[in-house]
Structure formats: structure tokens, C-alpha cells
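Asks: Now for the letters of each chain:
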Amino acid sequence: MELLIQIIFVLISTLILGAAVMVVRTRNVIHSALWLIASFFGIGALYLLLEAEFLAIAQVLIYVGAISVLILFAIMLTHNVTSGEGHKFYQRWWLALLVSLMLFAVILVPTLVGQDWTITARPSEESAIAGAVEMGTAFMREYLLPFEIAAVLLLVALTGAIVIAYEERAQRRRILTLAQELALRKQQQQNHAEE
Amino acid sequence: MNIPIERGKVVTVARGQSTSVAGFSLSKGLGVVFRHWRRAWFEKQHQNVPATASESAPNAGNDKSKPTAFVTLEDMSKSYGTFTVEYPEQRIKLPEAYRNMPVLLYDDETGHELCTSCFQCQRICPPQVIHMTQAKDPASGKPVPSVAEFIIEYDACMSCGFCAEVCPFDAIKMDHEFELSTHDHPSLTVYKRDLNRPVSYYESIAPGFWAEARERAYKKLATNMKRRPGAIGIAPHLTEKITAAQAQAAQAAAAQAPAAKAPAKKAAAPRAADTAAAPTDKEAKLAAIRARNAAQKGGSAPAAGTAADAPLPTDKEAKLAAIRARNAAKKGGSTPAAETSAEESPPTDDKAARLAAIRARNAAKKGDATPSEESDQPAAETPPANDKAARLAAIRARNAAQKATEAAEQAADSATSTPEAPASSSEEGKPLDEKAARLAEIRARNAARKKGDQE
Amino acid sequence: MADVINHVLNTMLGLNAPEWLIIFISNSIAVTLIFAIAPLQMLFMTYFERRAIARMQDRLGPNRVGPKGIFQPVADGVKMFTKEDIVPTAADKMVHLLAPCVVAAPVMFMFAVIPWGPGMYAVDLDTGLLFFFAISSVSAVGLMMAGWASYNKFALLGAMRAVAQMVSYEVPALISIAVIVMLTNSMSIVSIIEAQSGLFISQVDVAGIPDLGLGWFIFSPVGLLGFICFFIAALAEGERTPFDIPEADSEIVAGYMTEYSGMKFALFFLAQYLLNFLLCAITVITFFGGWQGPGISWLWSMAVSEANPAGNPIFNVLAGILGTFYFLAKTYFFFFVMIWIRGAFPRLRVDQLMGFGWKFVIPLTIVNIFSASLWIGWIRWELNPDLAFLSALGEPYSFARWGFAFVATLVMNVAAYTLMTRINRSPDETIDELVADQVFGAVTLR
Amino acid sequence: MKAEGTMIKTEELQINIGPQHPSTHGVFRMLVTVDGETIVDLKPVFGYLHRNHEQIAEVNTYLQNMPYTDRLDYFNSMANNQAYAMAVEKLAEIEVPERAEYIRVIMVELTRILNHASALGFLINDMGAWQTPLAFGMREREKILDLFESTSGARLMCNYFRFGGVVRDLPPDFVPRLQSLLTGLPTFIDEFERMLRENEILRIRSEGIGVLPKEVAISYSVTGPVLRGSGIPYDIRKAEPYSIYDRFDFDVPIGTVGDVYDRFLVRIEEMRQSKRILEQALKQLPDAEGGHINPKARQNIRPPVGDAYTRIESPKGELGFYLVSDGGQTPYRYKVRAPSFINLTPLSDMCRGYKVADVVVILGSIDIVMGEVDR
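Chains as they are written, first to last, in this note's numbering: chain A, 1 to 195; chain B, 1001 to 1455; chain C, 2001 to 2446; chain D, 3001 to 3375.
Because the hints were derived from the structure by calculation, they are not lab data. Careful, some of the hints might be misleading.
[Stated by the list, open to error] Label-pair ranges, simulated between beta-carbon atoms:
1. B:Trp1041 <-> D:Thr3256: 49 to 57 Å
2. C:Phe2024 <-> A:Ala138: 30 to 38 Å
3. D:Gln3284 <-> C:Phe2336: 43 to 51 Å
4. D:Gln3284 <-> B:Lys1028: 48 to 56 Å
5. A:Leu112 <-> C:Met2094: 50 to 58 Å
6. D:Arg3276 <-> B:Pro1207: 43 to 51 Å
7. B:Glu1089 <-> D:Asp3173: 21 to 29 Å
8. D:Pro3186 <-> C:Phe2336: 26 to 34 Å
9. C:Ile2034 <-> B:Trp1041: 29 to 37 Å
[Claimed, not checked] Stretches of chain D that chain A covers, calculated by requiring three or more beta carbons in the stretch to come under 8 Å of a beta carbon on chain A:
10. 3038-3047
11. 3210-3222
12. 3346-3358
Just so you know, even glycine gets a beta-carbon here, dropped at the ideal spot from N, CA and C.
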């Protein structure tokens, strides 16, 4: 059984990494967005492999269902981003490679070195906070504060979006229907008559 | 903006704020649809009707393997129940007045076509799709009141029914056959052979209309048949049969009682399948029709049934006996058949000359005759729509020149027979002097009447 | 399913098959069953819809292909196979090909979670409901891909509208389902159905009356309002009238399906009809007790199950058949309601649809959550010395408490519903609002 | 024409609705410039169904034009026939006997019911209801077409009117079938109204949409249900009673706001009024034998030199025929005042400011037939 799990794990991780690379390589922005969705799916599959059912489903619901649709909307609505050209490799690509390797060294290497890689026995069932019930109670008990802060953050984002939408709507050019135009003109004549 | 309104008032449509809670009136709509759904399972809106003889007869046009049930909308107040008519199996019963494409009629017994190619329908047809040529007596070359070739372009005809209305001889009627779709387009230019329908067929699809027109049609057919020499005027597919029947009857009559002038009696053999051919003779044909009219009026129907494809008569002798009896009745009571002068006059070769002769006679007749009883329809000279009409116009122009010479000769012995001559229209070429005078006088009278109205 | 196979293999035939083989066999049987049944459901549904809507319009519907027109869907299928699959030259070939798959695949996933009868389910996820809606949101991505790849102005507009509609109606759908999860304390679909047995919602089993399996959630005001909101959201999700804006809108010809023909179009069609079937199924499962019905529990008590492994498998089959019958009957009734609504109502405009969703359905569902919490509080909370008034009602799950909770939530829900309908009848923009806009400088007179 | 400065640059989109489109009532194209969802400008393009009707009329004789008038507004061939027949009768001073006048009124009022039933069906169809109201409307239309078939011979191209009367008298079973139709009609109209009048979705889709104020309606010389929907009680059968309309009492329904909902309600009310007229006509129908046509009237006429303009209230508006005769057999000039064509002109003004989905609904509420628009 262990071997089977290993094989599946290798498969899924190649899917994720491959998709991630393709996200950067493809010229067409839409294609890169689709590859991104593929990698999200991969991560969902990994969660399932770890038998964290709720997390896997939440991952699919949130990342693939909502965020990727948002990204696609954004790409499609902006005008000429999707034309596809302008993805040329810069001449000095090696400089970019150097910088990314340096970053990798500074952040990741110390954590990887300090980690003890012995595989301990699989954690027993009850302590794993994976099921929906445990996660719900955890939110209400140990992790109440982060839960509330995330809620406030979302609320701020929501109201911000609404305000921007209203401002944009107010400034958008209003096209009057025939009836409104006549009524407005009559009203203006009355105002002139009163002055 | 108030406009005076009598006998009624201005009603402002009540828009009204929807009083009910949202969703309630939505459910009213659902209620209506559900009632239709529930009752559609059990009720039907079209009622079955027994098929008449002609409809159930298998139509040669297309094979209707399944027996066709006929439906119609008797009770129109029903609003529920399925409304579909499953077409090939179920058919809606066509009303009598239904008109699709025009067809020509020919009499069952004598096989004679009613059409005398008077060109009325050709002139009135709005899309100009009817084309015909008048038949000529091969011996004398004079035009005969019968049609040689009759073409209707079924693809351009809009079945408006004008030709059937205008025809003074009830020769062309609107058919009920609508399954005319076909692959080869040329077949839609229909020739006389395919246009012919027996009178009994038309009587079965439009009994009421035929009852009105029957009397008039047969009287005219009788006079026209008199003026058709030989086998001219018989529906093409019947010619051999009829001529065969007449020849065979003539031999029997000759063998039995050779009369002084030995007018060959024509046995009005009903359309037997393939009896031998015998020389026809005009008086015999006339006799047959008058006898049959008399017999039909008297109610003692002779052996020949009216159904088009009546079953074959049992045997020939019984028929012959019936005919001889009828001849005897004829000799006693028949009025001397006035020989109209038309046949003896020297046969001119082309059709137009004969036309001119007829018109000349009409002109003379119109001068003194009272206006004929059915509506006088001087067919207006429609400007040539296509090349055929152009050729006709040219011929008519030549006629104008010829008419002056023949007018005097024809006027002397104008026919005394009943005014059955086709009321062909006055010609638009160089008008005869008294005709122009008369026209001018009519216009004067109109103008006077109009001035009178204006005061 | 697994225990039945185990019983058949081990006890009946005596060969002690290893654990994983049994699970593998039962799962493979379940999967093949689903992949056989789903397309058949779709074929029957197209036929069922065309006959039903024909009868509503006083006509007969298809009755030429086969007896009573039974093989009409087969004929449509063959037609779809033989139709040429036209791909616009400027289209994005790969994405154009993938779009129907991305739309149809999640729909088949959702079948995994649907229980057809007692014990007859492919897999019993303890987050079944959430899985159902998570996977259904993936098809929105497929629509986006279809709209974009067809390189056609109408298709893009249609795709945008379709996705906007699906995303914005997922919110009320999930919240109204959350109410049911609150009532049953679990997201597993099987346990939701089992919670709807007995006579009354409060699981109070009156002595003497056998478990008739009629304890459906629809009989409580919370469930009723939840059902109304969920069904409206299901109509919008499945793009049925009055919300079928993207598909057959009069100005964008066929929405995102414009540039598709042949088998790809049929895949879209399949996905849409199966989504409708599944939405009806979930409505039935959450509010009308799935396969619950009189006689099920009696049969199931004698069948083979974890409770009594010594049962007789025949009863499994019987209970299964009766359960499937109940489940399919209810589901097809709701599909008939969808057809019925399609036959009677015109279509909403896009902005009205969004307004209706955000201003009418979502507030109602939030009110429903509040009344659900009241319901649970009144019925289930134990005696609490300082909450004196509760003790007056008697101990938890008692009939009195249940009656009180019923009345209170009923009043609250009805009040919310009428208030919402009253608020939403906002008149058109009045003249002074127009003038106010003019102050903004946005209104220019021609 | 955008206010400068803070405006957000939105790109205007040109959408082509038609000429081959599911809901444009025949071959008709609208070039719609859209800013986001709202319509900025609409340019109607038609002429796809032009058949040179008026030139053909000048080549044909007066009688030969009658079947061509069926093809003008191919929904109401009887109304077109009546208008043309009355124009020629006025020109050639032909009287029409009593019974013929009643038969004519019966036929035209039946056409009005048939036209409104199917026009409303198409309007609701454009709003998205899947053909159910249209199926009910078509059922009533089928019954009326059966009556036309039994009298004139054809369902759509009736060619039933002649100068001075009609081709043939009513068949014996016409009156009883018409009476049973009239008893069944209220159930249809009430059911139609019950299903749709209060329907929230229909109200949302049609209230305040495509508003045509009174003054604009008059200035565009719009006629028929569209004009009455805007609140002007102008019905030629009342304003200038022709033939025998002064013998029937019926009401003229008008709207208040002049939007799609008003025109919808006006048409439903007009169906009821037509039913009233039909009932009165059936009661007063004289049964003079052979009274269906003036015997002295000749069909191949040469009307005296002069001109005549007659107009009738066809189901779509004021249908007028202007004939000029030079004394010959064919009309010198033959002009048709088609109501659909005139009602179509304010389309651009009516649609400005509304959403793209409303254009189709507004067009449906005007109820045009392209045969009449293009001639």
C-alpha cells in the first residue's frame, strides 16, 4: 500500500511542478491561467492523499472555483493584455536566474538544514484536525482571533469593492431614455422660467 | 387631445399595482399551464369526420399506405385538449371552397373537354402563367371551339382562383390536391394531358359549386360539341377509346337499319377499356348528350354511372340496346340542329383567322343583340407580359386588316342559335367604325353622369 | 455497497477475499453503474422534457421515432455523432477542445456523492455536500474557457454572463444548504437523509407509530424557506427559465455554445441536463428526505448492514429498489416543476437577475440561518438553571418546545419574505434622482 | 459625446441584430451601438423583402391587384383586401350591398383577433417564455384560419374581396362555427390575461421599457395599438367611421405611460372589443339571397380619371391606399400607406437608454410585418 501511495505522490507532484513551470513559460496569458488552475487541482489532490478531506474540498472550492474564475475575469476584461506578444525573454535572463538562486539560498536553505528528517509514526486519528467538525470547533476555540481578523479583512475588502463600483457607476456616461430626456428638458425649462 | 367617440367610450387600460404578494401571481400562471397539461392527456380538439368517396380514394399522387382518418374543428369553443393533427395518418377535411392549383374538366361520358380556349383565363391571370392554343379543324383549317394545348406553370401559379371565376364555360376549376412537391422542376409546367380531371371528380370534391354550374356548363358543352368535327376536343387520353366506341357503334347501326342519310349513330359507349375504334359523327355525339340529359332529368339513370372510373358495363349488347332506345326518343322530339355556318366556310389555315371570324360575328351580333345574360367581360388587353403574348398581339394586328374583308360576308347569316357564342372581347386594334362610335357615346354618358353627381 | 459485496464473497461463496479487493470491486461496480446510468438519465430527461412541455402547449411532442417516440433521444444522439464538428479557424484549438470536458467532468464527479437508496452510494464523504458544490463551481471555469476559445463576441458576452450568474447564485445555494447542515450537525449526505426519518423534524418518535420515514426538513418553516431559496438558486445554477440568460438569450444567440457543434455541443447539453438532474436530486436529498419513505426502514432493518451483518441480502435489494423508486420519483417531480416553470414564465434580464439574486434571495437565506439557529436553540438546549424561561417549556426535544419553535420561526420567515417582496418593488429612477445625477456632471442632454 | 476629465474610457461596441436572427419578425436588421449594456444608438436597416409591389400594381389591372394585396401584411390579408376594395369602390363609385358590408366587417374583425393573438404570442416569446403563450395564441389563430379557408378558399392568401362585395357567400356552416368560436374566445383571452397580466417577471421586463410619450408618438404619426398605448384615443373606426362601423358600439382602449406593458394590455382589450363587434355583426347580419356582391358591379373596370385615398383601421394601424386613375384599365399610381413602416420609424428613439435585451422586446411590442414595411 505504501508503495502505491509513493507512486501517486510522485505523479501528483510532477503535475503540480510541471503546471507551475508552464504557467511561466506559455506566451498566452489565458493558457498560463489555465495551467495555474491545473496546479491548484494538483495541490487539492495532495491534500486528499493526506486524507485531509475538508482541506482538499475547500482548496478546490476556493482556489479553483472562485479565485481562478476571478483571475480569468480580470484577464478577459482588461483590454489588450491578452494579445499574447511581448513575452520575449530578456537578453539578460541569466541575471534574473542569479537573483532567484540567491533568494532561494537566503530563505530556504537554513530551514531545510535545521529540519530532522526522521519519519515518525503516522499521527493517530483523533489528534489530526482534519475533519470538518474538529476544524469548526478549532475556529471557535483555539483560533478564534485569526478567524475574526480574517473576517474583518474580508469585510473591508468587500466594502472597498462596492465603493469603487459606485464611484465608477456615477462617473459612467449616463444615456437617458426618451421619456427621461423629455422630463428633464421640461424641468429645466421650468427652472429657467422661475429665474 | 379629445376625439369625439360615439357609441362607445374611451377605456383606460388598468395597469394596477400588483396587489398579490410576489410569487402568488406567478403561481396563477403555473395553474393555467398545469390545467392545459392535465387536460391535454384526455381531450382532443379535432373531431373525426367520415371521409367522402373521393377523399378515401387512393390518390395517384402519393401512396397513402395507412388508411387516412379525416378530422375537422366542428366545435370551436373548446380551448383544452391536444390540437395536433398527425398529418399523413390524420388529415384535415378540406372545405368545398378550398383552392389550390387549377385543373381542366372533361365530361365523363363523351370525353369532351369543356374548355373552348376562349383565352379569358389567360388574360385575367395576374402572374400570366396560363398559355393555350386553339384547336383547328384539320380538314378545313378553321378554328374549332376547343383547346389544342393548354399549359399552366404550376410553380408560378399563386392559386388566386381568378381563372375559375372568369371562365364562362366552367372548364377550369381549382383543385383540392396540395401534395404537389416534386424533385424535377420541369414537371411543374403542366400540360393539358395532366391537367384534365373528369367532371365526376370535381363533383365529388365540390358538390355545391358543381350543382350550380352544372346546368350552364352542359348546355354550353352541348353547343360546342356540335361545332367540333371529328375527335377534336376529346380529352387526349380518351381519344382512342371514344373513337373506338363510336366506330364500333356506327358499324352496328349501319348493319342494322341503314337510314337514308345514314348519319352514323355514335354509341356513347362509356369509357370501356379498349373497345375497337369507329369513325365518329357529330350528330351522334349530340344525340347521346341530349338523351343522357333527358334521361338524367327524368331520373331513369341509364347504365353509365357518373363515377369516373365506374366499373366496366357488364356487356356491350345491353348498352347498344339502351342507345337505340334513346335514338328513337331523339328522332321524335329533337329540334332541328341548326347548322351554324361556321363549319362550311372555307377553312383558313391558321387559328387567328378563325378567331377573327368569330369576333366579326360577335361584333355584328353585339350591334343588335341584347346584352347577354352573364356578366359581359370584355377582357382587357393586358400588355404582353412575355413573348407568347407578344406574338398573339402581332397576329391580332394582322387580323384587324383581314377583318374588314370578311365582316360583310359573315354578317348576313349570323347564327340564330342561342347566344352561346363566347363573348370574346372587342379588339383593341383599328376599331370598326360603329364600335368606336358606340364606345365614345358610352364615355360621354359616364362623364355626364359624373358631372350630375358633382352638383 | 462494500459490505454487500463482502457478504456475497466471503460468507456466501466462502472465499476470503482480501480487504482491498472487496473495496476495489465494489467501487468499480459503483463507477460503472454511474457511468451507465448518468447518460441514460440524460437521454430520458430530454424525452421527458419534450413530452411534458408539449402537453402543456396542447400538442403531442415527439411520437414518431419508436413507440410513443421513445427512441427520439437516441435519434438525437446519433444526429449529434454524425454532425460535423466545426472549429472556428481563429479559435484557440486546445482550449476549444478542452472546454466541454472541463464542463462535463465535474458533473460526473458529483454523481459519486449521490445516494440512490439505503446503502446504495458510491462513497460516503463526511463533507459530501461541500464536495458537491465545490466540484460544481469548477464547471464555471469550463464555461469561461468555452466563451474565450470560440473567439466570438457573442460567446464571450454569454460566457461572462453565465459565469457571473453561476458564481453569484452559488452563494444563496450554499447558505440555504448550510441551514440543513446546522439542523443535522453533519455534512455527510447519507447522515442528512437518515436524519429525515421518523414523523416529525424534531426526531421525536411518537410511541406506537412506526418510523414512516416522513420526517423531511420541508415540514419545518426553516426548511420551507431554505427550500424556496435553494430551488431558486438551483434554477439559476442550472440555467433554467426564468434564468436561462446565457443559453438562449435573444441577443447573444446561444451564449457560450455558439461556436460548438456536433459531439462537443452534445457534451455541453449532457453537462447541463445532468447538472439539472443533480440539482433536483440535492433538493430532494436535503429537503424531501432523499430515499426516505414509508416502508424503507422496516425493510432495511432486516437487510445486511453494519448494524446486523446477519441480515438477508434479499432485503438489501428490496430496500434498494424501493429507495431508488422514491428517490427517482421525487427527483423527476422536481424536474417536472423545472419544466413547468419553463413553460409558464418569461426570462429575466441580466441586471434584474443579479439584482434579484443579491437583493432578494441572499438576504432571505441569511434570515433563514438566523431562524434556524433559533430553531436549534429552542429544541435542543439542555436545562440551564439561570435560563428560567426555557425550563418552562419542558425538557429538550419535547413536543412543546418543538411546537413553540415551529410557530416562532414560521412567523419570522413569513415576515421576512413579505418584507423582501415589498422592498424589492423599487420604482424606476425618479426625475429628481436624474437631476441629482446631473449635478455629478454625468448626465448630458443632447 | 462623453464628459471629459474623470470619465472612464469605455469602449462602444457595435452589435448587429439580424437580418438573420431568431426574433426580428422577418428579415430586419438593427445596427445597435452599445456602451456596456445600454444602447447608445440604433440604426434599423430593412428592404430585404422589397418585391416591387407598387410597380407590379401599376402594370396589373385593378382586379388583378387584389391577390397581390394579400401579400402586403401577410398576417391580415382580409384587412388589406378591404382597404384596396374600398379605395377602388370610391374611385369607380361602386355601391356595396348590406350583406357584403357585414361579411367584410366580420372578416376584418376576425383578422384583428388573429393578429393580436399571435402578436402577443411573439412578444412574450421574445421575452423568453418558451412558446407556451404563443401556442395558445396560435390555436385560436388556427380556428380563425379554418373559417377563412371554408369561405375564401385559402388560409392566408384569401383574395376574398371583389369590387362591390365578396367572391361568394358564406358557407352554410360558417355562422354556427363562428358562434362556437366566439363562445370559446373569452376563455382564451381571460386565460391569457390570468397567466401574464400580473406575472412579476413580465411586469419587470415590460414596465417602463420602450416608453413612447404622447407628443413624440403624434410627431412620428404612429397609429394603431402603439398610438393608443401612448394614451391617444385615435381609432379610425371611431374617428372617421367607414363602411358600417357606425352601427356597432365598442370601446377604444388606451394606455397611460406608453410602454411595452401598456401596448400589451391595449391589444388584449382590443381582442375583447373585436369579439363585441363580431357578436353585434352576427346579430344584425341580413340574409338577403345573393346579397354578397353588387350584381351590377363589373370587375374589369375602367374607373373615371381621378384619384382616391381610403384608410382603414388594420390590426397594425392606419392602412391607407392611394389610387390615381387615368381612365385606363391599370391604375396610373398605386401607393400603400403601411402602418408597420410608419410605426417602425420611432424605434431608434424608443430603444435609446435601455438594455440590449429590451430592444427585441420593444420591437415585438410594435408588432411589425416586413411584407408591409418593404412592400
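Asks: A separate judgement is required for each hint: does it hold in the structure or not?
Replies: Going down the list of hints, with the structure as the test:
1. B:Trp1041 <-> D:Thr3256: 49 to 57 Å: 42 Å, violated
2. C:Phe2024 <-> A:Ala138: 30 to 38 Å: 35 Å, holds
3. D:Gln3284 <-> C:Phe2336: 43 to 51 Å: Given range 43 to 51 Å: holds, Cβ gap about 50 Å.
4. D:Gln3284 <-> B:Lys1028: 48 to 56 Å: 38 Å, violated
5. A:Leu112 <-> C:Met2094: 50 to 58 Å: 37 Å, violated
6. D:Arg3276 <-> B:Pro1207: 43 to 51 Å: 36 Å, violated
7. B:Glu1089 <-> D:Asp3173: 21 to 29 Å: With Cβ atoms ~25 Å apart, the hint holds.
8. D:Pro3186 <-> C:Phe2336: 26 to 34 Å: 30 Å, holds
9. C:Ile2034 <-> B:Trp1041: 29 to 37 Å: 33 Å, holds
10. 3038-3047: holds (count 3)
11. 3210-3222: Coverage by chain A holds for the segment 3210-3222 of chain D (5 residues, Cβ < 8 Å).
12. 3346-3358: n = 5 at 8 Å, threshold three: holds.
Comparing the model with each numbered hint stated earlier shows that hints 1, 4, 5, 6 do not hold.
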